[in-house]
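There are 6 protein chains.
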Amino acid sequence: MSGAVVRTIARTPPAELAPLAERGVATVHEAIGRTGLMHAYMRPIYRGASIAGNAVTVTVPPGDNTMIHVAVELMQEGDVLVVVPTSPCEDGYFGDLLGGSLKARGVQGLIIEAGVRDVRTLKEMSFPVWSKAIFAQGTVKETLGDVNVPVVCAGQRVEPGDAIVADDDGVLVVPRARVAEALAASAARIEKETKNRARFAAGEVGLDVYGMREKLAAKGLKYYEDARAFAEGRSS
Amino acid sequence: MSGAVVRTIARTPPAELAPLAERGVATVHEAIGRTGLMHAYMRPIYRGASIAGNAVTVTVPPGDNTMIHVAVELMQEGDVLVVVPTSPCEDGYFGDLLGGSLKARGVQGLIIEAGVRDVRTLKEMSFPVWSKAIFAQGTVKETLGDVNVPVVCAGQRVEPGDAIVADDDGVLVVPRARVAEALAASAARIEKETKNRARFAAGEVGLDVYGMREKLAAKGLKYYEDARAFAEGRSS
Amino acid sequence: MSGAVVRTIARTPPAELAPLAERGVATVHEAIGRTGLMHAYMRPIYRGASIAGNAVTVTVPPGDNTMIHVAVELMQEGDVLVVVPTSPCEDGYFGDLLGGSLKARGVQGLIIEAGVRDVRTLKEMSFPVWSKAIFAQGTVKETLGDVNVPVVCAGQRVEPGDAIVADDDGVLVVPRARVAEALAASAARIEKETKNRARFAAGEVGLDVYGMREKLAAKGLKYYEDARAFAEGRSS
Amino acid sequence: MSGAVVRTIARTPPAELAPLAERGVATVHEAIGRTGLMHAYMRPIYRGASIAGNAVTVTVPPGDNTMIHVAVELMQEGDVLVVVPTSPCEDGYFGDLLGGSLKARGVQGLIIEAGVRDVRTLKEMSFPVWSKAIFAQGTVKETLGDVNVPVVCAGQRVEPGDAIVADDDGVLVVPRARVAEALAASAARIEKETKNRARFAAGEVGLDVYGMREKLAAKGLKYYEDARAFAEGRSS
Amino acid sequence: MSGAVVRTIARTPPAELAPLAERGVATVHEAIGRTGLMHAYMRPIYRGASIAGNAVTVTVPPGDNTMIHVAVELMQEGDVLVVVPTSPCEDGYFGDLLGGSLKARGVQGLIIEAGVRDVRTLKEMSFPVWSKAIFAQGTVKETLGDVNVPVVCAGQRVEPGDAIVADDDGVLVVPRARVAEALAASAARIEKETKNRARFAAGEVGLDVYGMREKLAAKGLKYYEDARAFAEGRSS
Amino acid sequence: MSGAVVRTIARTPPAELAPLAERGVATVHEAIGRTGLMHAYMRPIYRGASIAGNAVTVTVPPGDNTMIHVAVELMQEGDVLVVVPTSPCEDGYFGDLLGGSLKARGVQGLIIEAGVRDVRTLKEMSFPVWSKAIFAQGTVKETLGDVNVPVVCAGQRVEPGDAIVADDDGVLVVPRARVAEALAASAARIEKETKNRARFAAGEVGLDVYGMREKLAAKGLKYYEDARAFAEGRSS
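Protein chains in written order, with the numbering used here: chain U, 1 to 236; chain P, 1 to 236; chain B, 1 to 236; chain H, 1 to 236; chain E, 1 to 236; chain C, 1 to 236.
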């Protein structure tokens with residue numbers, strides 16, 4: 001199947017996705033039922049960036065970034081590039097030249113289950129990347145992969161046009177068909193969390209905020225005054 | 001033993017622990033005979049924090065943070081929360097709501113042999129965390145663990161009320177009974193290091209500062225003028 | 001062979017190496033034919049430093065930093081210390097006292113396939129370190145190793161006097177005999193990249209900048225208008 | 001979506017899959033264009049087993065094997081159980097009781113991106129397992145997951161009813177729609193390999209068997225008589 | 001505290017421990033409430049051994065096996081040697097000479113959170129070892145550690161005289177005071193498992209054996225006839 | 001430098017190397033001063049093989065095994081193939097066809113810092129391999145590397161013609177110039193170990209066999225009768 005490039009994909013208007021970036025990965029992930037989170041080894045090359053955009057997917061052979069170049073001209077304002085090697089590889093497929101090229105097109109960032117290089121310059125130009133490694137080892141341009149086919153990246157299925165949300169907590173995939181649900185549910189969740197935050201700030205604890213006390217007693221939670229009481233089995 | 005909560009533990013007055021935070025993990029660790037250091041995979045979610053406090057310990061089932069909520073109301077000014085899963089887990093047991101709740105109680109920070117999330121907000125509110133992972137995957141509230149029982153965290157035994165010292169170099173456990181010794185010995189060590197620092201600054205080298213030359217000669221250290229002399233076995 | 005110290009090594013004048021630091025690891029690595037790059041697990045203890053210097057090599061037994069002290073007085077302005085344990089070890093062989101001592105001698109930085117500590121102070125004094133770990137566990141001074149013998153560090157052979165280039169992308173070894181070539185080739189590469197950067201900035205894509213289109217068509221790259229066309233095998 | 005159980009899935013008749021087990025993972029993987037291979041960390045608990053069967057998929061919360069029990073009664077002769085935790089977990093979700101239960105139903109084996117236990121007994125009863133870990137830590141039965149929904153296991157998408165092929169080389173997913181193609185292409189490949197094997201046995205080398213010599217010369221391959229000739233650049 | 005050797009420890013008579021070896025790590029671990037299991041990275045150097053014995057504990061500096069030699073003459077029939085480095089180390093502290101020496105004293109085996117070598121000979125002489133690594137790198141005899149002090153090994157606290165149970169599933173610590181409980185509870189568990197095994201063999205499934213059906217329905221488990229019904233939300 | 005093939009290398013007569021295989025990696029490693037041992041992650045694909053031979057070295061791009069085919073016809077009876085990727089890669093570069101081809105030429109085995117496949121067949125044909133991974137993912141034949149140039153494999157420098165010794169304990173490099181020394185020193189070591197083995201078998205302990213008692217007392221080793229004496233500081 002190598003060598004296939006799909007030009008046009010269905011996208012969500014970038015402006016609609018913006019609130020997901022603001023609400024963040026942890027909140028949106030909870031909101032859509034705890035699905036779609038990439039593995040914890042995907043880390044930002046610098047802290048503080050927060051993005052949401054439409055996935056353009058690329059598969060690359062180990063040590064060969066040909067297809068990233070093929071993908072560039074198909075990318076649009078608000079896209080996020082998702083790159084997956086066909087076998088595990090930590091080479092630096094992407095550097096500041098490609099970063100500048102994508103930045104100029106309004107691309108939001110890069111998610112790559114491999115390595116990246118020129119990280120200092122990428123930070124200076126504010127082009128965020130979430131990667132598995134930072135590695136200066138470059139790549140060749142000899143063999144083909146695919147653009148805009150479904151991929152698995154860091155444990156999650158990504159379809160071209162799915163929404164990608166990424167920040168300091170990690171990287172999340174929201175299927176395009178569930179974007180509206182994610183927007184609504186994360187808004188509701190933010191509202192609930194805001195109320196809870198106020199109660200916590202006022203000194204309340206989670207046991208009361210979440211109404212856990214009775215349930216815990218039913219499950220057999222036992223309190224002991226101190227270590228001696230515990231050793232002697234005198235709960236109170 | 002699951003489901004036991006010990007309310008009261010013996011603590012060291014927080015003010016007494018403060019010098020340990022200032023002197024730092026590396027120094028205090030040397031001072032108490034190189035014991036109690038957690039594994040190197042325990043890393044701060046942001047750099048620059050330095051804390052010392054009394055351990056409140058919590059065990060949690062994989063993917064379930066019920067017991068952290070149970071522990072909150074038992075925590076006091078100057079405490080450090082130590083959380084250990086009963087089997088290895090990288091889920092994000094702790095986020096900004098719990099961070100705000102503990103911050104409000106004067107808790108110094110969190111040590112967790114698992115994952116944490118909302119790390120950007122935790123940094124903004126200056127609530128430091130040392131963890132094994134950063135992961136947005138949340139947890140449920142279904143099953144019990146324990147509060148204030150002895151635990152093993154990242155390779156070290158922690159008793160409730162032990163002192164925890166943590167900074168950019170890692171996390172250290174000082175048994176409560178050895179806090180006085182740690183204070184005295186680390187003060188002595190700081191004094192010695194200060195003198196040595198002055199000598200190093202003046203251009204002296206460790207071989208003289210630590211009086212190593214004779215001992216090394218006795219062990220058979222040999223100098224060669226250059227690679228050729230070395231190849232020909234002509235030491236000098 | 002333990003216990004050998006070679007006093008004098010051939011060096012490149014530090015001023016000649018300076019451009020390599022400025023051009024960076026990724027560029028110089030490409031320029032010398034993609035050889036000499038250390039493994040990706042060698043990471044800077046803080047971001048933003050960029051160095052190039054002459055390697056002084058040290059082998060150390062696990063948990064023993066004697067030989068680092070032996071090496072100090074042999075180091076000169078513009079050197080880089082390269083430390084390798086004789087078996088894998090993550091102990092903190094090096095801290096702020098040694099950092100200050102080397103800083104005072106004009107040493108550029110430390111490359112260590114092991115642990116380092118006092119990282120906050122090392123950052124404050126601007127002494128950069130690339131290491132495998134950050135770990136407060138100190139070392140003893142009991143057993144011998146070697147100074148200025150050839151070593152393998154993080155997968156790369158290092159001869160005393162080889163040039164070390166290090167920045168946020170990693171650590172590179174340039175054999176002393178190839179320094180002139182590295183300088184010339186990296187200058188050429190920078191020039192070419194500068195031209196390409198201008199073309200990318202003007203909106204051109206890599207497919208044109210690198211003249212890839214024809215070659216890719218010959219390899220069988222096929223474009224499909226959309227997912228439906230792709231499923232039906234209608235390339236366009 | 002947690003708590004959904006799909007009873008009936010489309011399957012390939014087990015007898016049709018048998019040749020895939022015999023031909024092996026490496027051969028079938030090549031035959032279908034190098035797609036579908038799980039990560040190398042999925043290893044057999046004992047060597048020598050070789051299976052092919054229809055995937056029944058299960059998602060499980062960390063530390064909870066409820067849904068494996070739910071899946072058992074839906075399994076048929078020739079099935080393969082594929083279990084994926086909703087966040088990374090190495091607990092021993094599966095032991096000899098479940099192994100015996102599945103063995104009795106004619107299930108071919110288990111693929112689990114987590115831990116397994118009772119491995120000695122599982123080997124004695126010839127119930128093969130490919131897992132990420134061997135770990136005696138058991139699980140609870142408190143929370144829900146899903147049965148027979150699409151999952152990602154060790155980097156590969158698995159749909160219920162896809163064919164799973166596993167042996168000492170690893171674990172492969174063949175989409176149900178491509179089973180016929182996999183059978184035909186792997187048969188062709190076996191035939192070709194058998195011919196090549198005979199040529200290799202007769203002493204021929206790959207350069208001739210695969211007709212590589214001319215292509216390599218064109219790419220610039222150069223022969224040197226010995227190290228001296230190489231150093232002097234005298235190719236021959 | 002380095003350099004302390006405690007000669008005499010309280011032990012359980014070896015014959016009393018034998019049933020624990022027979023029942024196995026997974027069963028005994030469940031029986032004592034899922035505590036005491038070492039990390040999954042502790043693996044047997046060969047499969048099929050199953051032991052239970054009294055722990056003699058040793059701490060060793062990185063790369064130095066002096067204290068193992070100190071411990072040998074204190075070991076008795078039925079003991080298990082537990083060795084922990086004071087900082088992480090994979091050196092081969094133990095080989096066939098020490099194995100033969102301990103075998104001759106009736107020692108059951110070795111648990112070492114480090115490396116071991118001569119593994120082929122150790123297998124031939126049936127001296128089982130559970131270790132973190134296999135590594136031919138030997139050690140020196142220069143520095144002190146301790147014998148028979150409490151240690152933490154692979155995440156678990158071990159007191160001298162605690163029972164160690166180890167087999168193909170891993171390594172378990174049973175505190176000496178809980179040995180009687182472990183014997184009784186594991187016997188009860190074996191009995192229960194035997195009954196369940198018969199039911200499973202007769203074709204029953206866990207849902208019935210463990211009475212899970214009602215509880216699962218209450219938690220909201222929903223069955224769907226097939227993928228289409230699931231997509232349309234028609235549970236049955 | 002890619003694309004260079006050196007035809008002829010200096011070798012040690014295979015018969016001279018045979019004793020190194022018999023004496024084993026751990027013994028020879030000690031005999032030559034503990035140098036040359038590859039990292040512990042290099043593991044045999046099956047247990048029980050023990051080899052010694054002359055290194056033929058190959059570098060390969062990630063995911064491309066062209067150069068292995070180039071190397072085959074240059075290999076002789078008693079050689080060992082050493083394969084190193086130019087950047088980290090776990091692909092299965094080598095399978096049973098290449099194994100049969102090398103076996104037919106009298107090659108002793110393969111050392112590869114990458115993946116291997118067809119491991120069951122390789123075991124059946126008794127062609128031993130030490131590798132970093134087992135992975136069915138195959139490779140292409142598109143790009144060049146080198147044959148018989150110096151390489152670094154798993155942390156050790158290997159020159160073409162160096163002796164490779166490998167068994168269940170790992171992989172060792174003996175520089176060709178040190179083979180005679182390795183033979184003599186390992187013979188002496190075997191003799192010494194044989195004597196020591198007899199003493200151990202007769203019940204002596206290492207403290208006496210190695211004369212350690214006095215030295216340990218001088219270093220401050222202290223014996224305590226039991227835990228109580230230790231707690232009270234009463235050494236005996």
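Among these hints, one or two may not hold up.
Unchecked claim - In silico negatives: residues of chain P with every beta carbon more than 12 Å from chain H: (1) Ala18; (2) Pro61; (3) Pro62; (4) Ala104; (5) Ala231.
To be verified - Computed spacing ranges between beta-carbons, pair by pair: (6) H:Lys215 with B:Ala177: 26 to 36 Å; (7) U:Ala10 with H:Pro19: 38 to 48 Å; (8) E:Arg234 with U:Val209: 32 to 42 Å; (9) P:Pro150 with U:Gln76: 49 to 59 Å.
Just so you know, these hints were derived from the structure itself, not from any lab.
All C-beta atoms, glycine included, are put in the ideal place defined by N, C-alpha and C.
Taking the hints in turn, this is what the structure says about them:
{"no.": "1", "hint": "Ala18", "verdict": "holds (38 Å)"}
{"no.": "2", "hint": "Pro61", "verdict": "violated (6 Å)"}
{"no.": "3", "hint": "Pro62", "verdict": "violated (4 Å)"}
{"no.": "4", "hint": "Ala104", "verdict": "holds (29 Å)"}
{"no.": "5", "hint": "Ala231", "verdict": "holds (19 Å)"}
{"no.": "6", "hint": "H:Lys215 with B:Ala177: 26 to 36 Å", "verdict": "holds (33 Å)"}
{"no.": "7", "hint": "U:Ala10 with H:Pro19: 38 to 48 Å", "verdict": "holds (40 Å)"}
{"no.": "8", "hint": "E:Arg234 with U:Val209: 32 to 42 Å", "verdict": "holds (37 Å)"}
{"no.": "9", "hint": "P:Pro150 with U:Gln76: 49 to 59 Å", "verdict": "holds (57 Å)"}
Against the hints set out earlier in the document, violations occur for numbers 2, 3.
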